[in-house]
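The whole structure should be built from the sequences, with the hints applied where relevant.
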Amino acid sequence: GAGVSQSPSNKVTEKGKDVELRCDPISGHTALYWYRQSLGQGLEFLIYFQGNSAPDKSGLPSDRFSAERTGGSVSTLTIQRTQQEDSAVYLCASSSIAVRDSPRITDTQYFGPGTRLTVL
Amino acid sequence: DQQVKQNSPSLSVQEGRISILNCDYTNSMFDYFLWYKKYPAEGPTFLISISSIKDKNEDGRFTVFLNKSAKHLSLHIVPSQPGDSAVYFCAASGLDRGSTLGRLYFGRGTQLTVWP
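Protein sequences appear in the order of chains P and C. Per my numbering, the first sequence runs over residues 1 to 120. Per my numbering, the second sequence runs over residues 1 to 116.
Source of the hints: derived by calculation from the structure; they are not laboratory data. Computed from a prediction, not measured in an experiment: that's the story for all the values here. Just so you know, even glycine gets a beta-carbon here, dropped at the ideal spot from N, CA and C. Fair warning: there could be bad hints in the mix.
Simulated crosslink set (SDA-like; lysine to any residue; CA at most 20 Å straight-line) [said to hold, decoys possible]:
1) C/Lys5 x P/Thr118
2) C/Lys5 x P/Lys57
3) C/Lys71 x C/Gly83
4) C/Lys5 x C/Arg108
5) P/Lys11 x P/Thr118
6) C/Lys5 x P/Leu39
7) P/Lys57 x C/Asp1
8) C/Lys56 x C/Lys68
9) C/Lys5 x P/Phe45
If the Cβ cut is set under 7 Å, some of the chain P residues that face chain C in the computed set are [to be verified]:
10) Leu43
11) Tyr48
12) Gly112
Right, here's the structure in full:
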């Protein structure tokens, strides 16, 4: 079946503009994660969705960052008033995962190809 | 604070030899560990995982070893092939009160180069 897809693959924007990044998870996966990888760094957690709700937004670096998920499927990460330090590869992952009080089905997350964001 | 550490940014190995990639973690509540492989301009690809109830998991040329007392895991690739050249990320997750269910904590990666 189809894997996780992300669009656009590359985005170049000017400082101060808003950008939207899209993620289509694997069909049936209830959990969705956003990470970012800055140059020379590991993957940094941003936000987690279980269904349409986001129980953990602790990784969002500032209030310029927001994300939503609709229909338990597609998610959009929005960055307002972009800054040069926002330049990174933004990665989306999905997994089939049980709720906290149930045995975990799997923690294996499957990643999309990422969106490379460059803020000039 | 980096809860998962990969202290070797790079490793170079001759084709046919064993590659050993190391990873250390600090959070004793981590109970599930994964290795991902990443090629340039692609997302990380899941390689192999291990639960904390085991100390070894094998899948073809790839074996992951877990030493809970030392909070250390390693990935062995035998024999190494040029196509294995990529960045390898170690990741961990846990069910402690402070963690999101399934949220992964990543190391910074090790660039493996396998030369002919």
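Hints versus structure:
With a CA separation close to 27 Å, the supplied pair C/Lys5 and P/Thr118 exceeds the 20 Å bound. Taken as a hint, the C/Lys5 and P/Lys57 pair is broken in the structure, with Cα atoms around 23 Å apart against an allowance of 20 Å. Between C/Lys71 and C/Gly83, the direct Cα distance comes to roughly 29 Å. Violation of the 20 Å bound is thereby established for this hinted pair. For the suggested pair C/Lys5 and C/Arg108, the alpha carbons sit about 7 Å apart, so the restraint of at most 20 Å is met.
Under the criterion of a C-alpha separation no larger than 20 Å, the hint pairing P/Lys11 with P/Thr118 is consistent with the structure, at around 6 Å. Proximity of C/Lys5 to P/Leu39 is assessed by CA-CA distance (about 17 Å); at most 20 Å being required, the pair is judged to hold. For the hint pairing P/Lys57 with C/Asp1, the CA-to-CA distance comes to about 18 Å; that is within 20 Å, so the pair holds. Our distance criterion of 20 Å between C-alpha atoms is met by C/Lys56 and C/Lys68, whose separation comes to about 11 Å.
At roughly 15 Å between alpha-carbon atoms, C/Lys5 and P/Phe45 fall within 20 Å of each other, so this suggested pair holds. For P/Leu43, the interface hint holds, the least distance from its beta-carbon to any beta-carbon of chain C being 4 Å, beneath 7 Å. The interface hint given for P/Tyr48 is met, as the beta carbon of that residue sits about 5 Å from the closest beta carbon of chain C, less than 7 Å. A hinted interface residue such as P/Gly112 counts as satisfied when its beta carbon comes closer than 7 Å to some beta carbon of chain C; here the least separation is about 5 Å, so the hint holds.
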